[in-house]
Structure formats: C-alpha cells, structure tokens
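*Asks:* Here's the letter readout for the chains.
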Amino acid sequence: MRKLLVIAAVVALAGVAAGCGEKSSVTVYKQGQYQGKADKQPWDNDQFKGDKTAWEKAVKARNLGQNEYVRISGG
Amino acid sequence: MARMKFLCDAERCIECNGCVTACKQEHEVPWGVNRRRVVTLNDGVPGEKSISVACMHCSDAPCMAVCPVDCFYKTTEGVVLHDKDLCIGCGYCFYACPFGAPQFPQDGAFGLRGKMDKCTFCAGGPETDFSAAEFRKYGRNRLAEGKLPACAEMCSTKALLGGDADVIADIYRNRVLKRGKGAEVWGWGTAYGKPERQPAAQPGAKS
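Line by line, the protein sequences give chains Y and R. If you count the first sequence from 1, position 63 lands on 63 in our numbering, and the numbers rise without skipping. If you count the second sequence from 1, position 202 lands on 202 in our numbering, and the numbers rise without skipping.
Treat each hint with caution, since some may be false.
27 Å max Cα-Cα, derived DSSO-like pairs, lysine-lysine [said to hold, decoys possible]: (1) R:24 to R:49; (2) R:49 to Y:30; (3) Y:37 to R:137; (4) Y:37 to R:147; (5) Y:40 to R:115; (6) Y:40 to R:147; (7) Y:30 to Y:52; (8) Y:30 to R:147; (9) Y:52 to R:115; (10) R:24 to Y:37.
Beyond 10 Å from chain R on every Cβ pair, some chain Y residues (computed) [unchecked claim]: (11) 1; (12) 7; (13) 9; (14) 11; (15) 13.
In short, the hints are calculated from the structure, not lab data. Note that this is a predicted model, so its numbers are computed, not measured. Yeah, the Cβ is synthetic: ideal placement off N, Cα and C, and Gly gets one too.
When you get a sec, could you build the whole thing from the sequences and use the hints?
*Replies:* Encoded structure:
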C-alpha cells in the first residue's frame, strides 16, 4: 500500500514538473510586418524560368487583347 | 510592369454573371464563397446599372492595415494576397473592406467560420507555383502562366477589364471618347485614390 502511494506521488510530481516545463505556444508577431511564408515572383517558375521580360511580354499581349476596338478593326 | 487593377465599365455590364461563373470554375470555389459577384443598382428601374465586384487589390488596402496577425502581403505587381496558414478567420478584414471582398467558408456541422478567402487576381498564394497546395488554398495561378484573371479575360462585353493599370485605363479612355459618355469608374477612387502601400521588405518574398 505504502509502495503504491509512493509511486502515485512520484507520478503526480512528474506530471506537475512536466507542466512547468511546457514551452510557450504563443506566437510573437512583429507589428505591421507580413508574418507568413515568402512568395516567389510570377516569372520564377518552370514556364518562364526566371525570364521577367518574357513574362511581361506575355501579360502585355493579354492586356492589349482586352481592347476589342483593336481586335475588331485591326487597329 | 505597373500595378495590376480591375476596372468595371457600368455602361457595358449586362449582368450575365459570366465573370462569377468563370471565377467559380477556374478556382473550384466552394458553395457559399463568392470571390466575385455582380451588383445591380436600381434593379428593375429603367437605366439600371450593374457592376462586377471583387477584391480591388487597393493601393492602401484596409484589410492589410487591420489584420491582427499580419497575414496579408502585396506583390510587386500590386496584388494583395494572404497566407491562409496564418489567417485566424477573425473577420476584421471583412469589416474593413469597402467592397465586401473577404469571404468566410462555413465548414463543419456547426457552421464554423473558416479562414478568409478572396480574389487573388488569379495570382495564387504563398505556396509553390502550380502546386496542389496552392490550388487547394488559393486557386489557379494564371498570372504565373502569363495570363490575366479569368473573369476579365472571358467577359463577353469587355465590361470588366483587369491588368496593367496603364493599359486598361488607356482602353477605357479610348472607349469613353468613342461613345462620349460613361466616364465614371465605379470604385476606383475608393480602391486606388490613396498613395500606394509599399510592399513589405522580406527577403525572397513576392512583395
């Protein structure tokens, strides 16, 4: 009986001690700064292979394609 | 490359909801979440006007200012994006946004408010380009494919323009000159009337 009590006390103490050793799970935020994952540039991928000019050219063509005055009358 | 903007021509929008459908289809947006929607003013009254509304990717975005966990960032092209892994779904951005852009999926049996979802200008998010994770969280990354937002590109009347601000403003100016009316651009003053918020300096970041 006494042995059981001692074991129970040791387990309880170990539990209390483990609680004290818990690490803080609170995230510390830096005010006003993006805290998430970093993102890449839209041309840094397999398609454009870092060629910013090629990407800009592709997007510009799409931009101008929205002007139906040019598309219909041919300029 | 100048900054990316949306422009909706109320004289041309016919309320077909094609932009809404294109967005839903392109990004497989779940039920209850509308990244883009069409709003009609004076519905049923002769002379009613419709406008397509989504995140306008504001110059000085109020959502970025109010976010308590700073999960928003701005790309070098001026697109306002956010990291869903960081978002706590508090809804502050919804209250701050003048366009009602932030959406909150209702997941689970008790209608828990999920992480914020909004228009990404078809630019994905802070995950590897074209990855499954990026598509699941943010939708397709058309910008990295050298394309513009699906909503604008498929607009049948070209009421919705999206892309490089200089180019779309030129297209619109030319259009107004030709038709001689309808020079008012809804939402531009609210979205782009303030000085540009500078992208946060983060090494390797898109912003």
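*Asks:* Against each hint, give a clear statement of whether it holds in the structure.
*Replies:* Going through the hints against the structure:
1. For the proposed pair residue 24 of chain R and residue 49 of chain R, the alpha carbon gap of about 23 Å is at most 27 Å, so the pair holds.
2. For a cut-off of 27 Å, the pair hint linking residue 49 of chain R to residue 30 of chain Y is broken: about 44 Å separates their Cα positions.
3. Using a Cα cut-off of 27 Å, the hinted pair residue 37 of chain Y and residue 137 of chain R holds, with the two alpha carbons roughly 13 Å apart.
4. A hinted pair counts as satisfied when its Cα atoms are at most 27 Å apart, and residue 37 of chain Y with residue 147 of chain R qualifies at roughly 24 Å.
5. A distance of roughly 22 Å separates the Cα atoms of residue 40 of chain Y and residue 115 of chain R; the hinted pair therefore holds under the 27 Å criterion.
6. For the proposed pair residue 40 of chain Y and residue 147 of chain R, the alpha carbon gap of about 16 Å is at most 27 Å, so the pair holds.
7. For the suggested pair residue 30 of chain Y and residue 52 of chain Y, the alpha carbons sit about 32 Å apart, so the restraint of at most 27 Å is broken.
8. Under the criterion of a C-alpha separation no larger than 27 Å, the hint pairing residue 30 of chain Y with residue 147 of chain R is inconsistent with the structure, at around 35 Å.
9. Proposed proximity of residue 52 of chain Y and residue 115 of chain R is contradicted: the alpha carbons are some 32 Å apart, above 27 Å.
10. Between residue 24 of chain R and residue 37 of chain Y the CA atoms are separated by roughly 26 Å; this keeps the pair inside 27 Å, and the hint holds.
11. At roughly 48 Å from the closest C-beta of chain R, the C-beta of residue 1 of chain Y stays outside 10 Å, upholding its exclusion from the interface.
12. Separation of residue 7 of chain Y from chain R is adequate, the least Cβ-Cβ distance of about 43 Å exceeding the 10 Å criterion.
13. The claim that residue 9 of chain Y lies off the interface holds: its Cβ sits roughly 41 Å from the closest Cβ of chain R, which is beyond the 10 Å cut-off.
14. The Cβ of residue 11 of chain Y lies farther than 10 Å from every Cβ of chain R, with a closest approach of about 37 Å, so its non-interface assignment holds.
15. No Cβ of chain R approaches the Cβ of residue 13 of chain Y within 10 Å, the least distance being about 37 Å, so the stated non-interface status holds.
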